[in-house]
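**Q** One-letter residues, chain by chain:
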Amino acid sequence: NAGVTQTPKFQVLKTGQSMTLQCAQDMNHNSMYWYRQDPGMGLRLIYYSASEGTTDKGEVPNGYNVSRLNKREFSLRLESAAPSQTSVYFCASSTNGGRETQYFGPGTRLLVL
Amino acid sequence: KQEVTQIPAALSVPEGENLVLNCSFTDSAIYNLQWFRQDPGKGLTSLLLIQSSQREQTSGRLNASLDKSSGRSTLYIAASQPGDSATYLCAVNDYKLSFGAGTTVTVRA
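Those sequence lines, one after another, are chains A and B. Everything in the first sequence is counted per our numbering, starting at 1346 for the first residue and increasing by one. Everything in the second sequence is counted per our numbering, starting at 77 for the first residue and increasing by one.
Chain A on its own, in the form it takes in the complex (with noise of 0.2 Å):
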């Protein structure tokens, strides 16, 4: 099993340009999470989707969107990057949202010049 993967690994954005991370899980999880990690900050829950069909925002949703594409795909859009939006994404997915453990993949770096 490869958990939980992302793509990309690292990303170089201009102020104003889009693109989509992605995220796919293969142990199938309901629930999935994004997150951004900033320094001294912790990590930021930016959108979650419960399960197949709903999307929810979390703390920081503002200048994102999300697409729970099928069980095992959640994307993170940046329709038009910012240099706020600087910062390590992290994907995560559990079996029911709640109670149990978090699983995370191993993050993409984003750099807005």
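Hints were generated in silico from the structure; no laboratory data involved. Don't take each hint at face value.
[What the hints assert, rightly or not] List time: in silico EDC-like cross-link candidates among lysine to aspartate or glutamate, alpha-carbon distance up to 20 Å: (1) B/172 / A/1445; (2) B/77 / A/1404; (3) B/118 / B/160; (4) A/1359 / A/1424; (5) B/172 / A/1397; (6) B/172 / B/93; (7) B/144 / A/1445; (8) A/1402 / B/79; (9) B/77 / A/1401; (10) B/118 / A/1424.
[What the hints assert, rightly or not] Now the stretches of chain A that chain B is said to cover, found in silico as 3 or more residues with beta-carbon under 8 Å: (11) 1381 to 1395; (12) 1446 to 1452.
[As the list claims (entries may be wrong)] Some chain A residues flagged as far from chain B (calculated, every beta-carbon gap over 10 Å): (13) 1349; (14) 1359; (15) 1372; (16) 1405; (17) 1407; (18) 1410; (19) 1413.
We put the CB at the ideal spot given by N, CA and C, even for glycine.
Given the coordinates of chain A, work out where chain B should sit on it, guided by the hints.
**A** Just chain B now, kept in the frame of chain A:
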């Protein structure tokens, strides 16, 4: 809004010393608390998960305690080794995970 604090932000100890990492949270209505390890440039690895009904959880040299009433958890790592050098994050689960900023540990050989 749940606030999670980890003190100290960084810790350096000689090999063999026991490590004590602290985590505090503001809202005691939680499902569970999780401790993660993060190596530089890597993702998060789950170490221990303590359910709200539990007082502690153990795995090898790691022991985590939970005191919901006081909003505290402590991660103990016995007989530290250089390979334990990493950032340790605690996360409180009240349906969504709220993370502390982490404690960066350096174990000197």
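**Q** Tell me the hint numbers this structure goes against, listed in increasing order.
**A** 6, 10, 13
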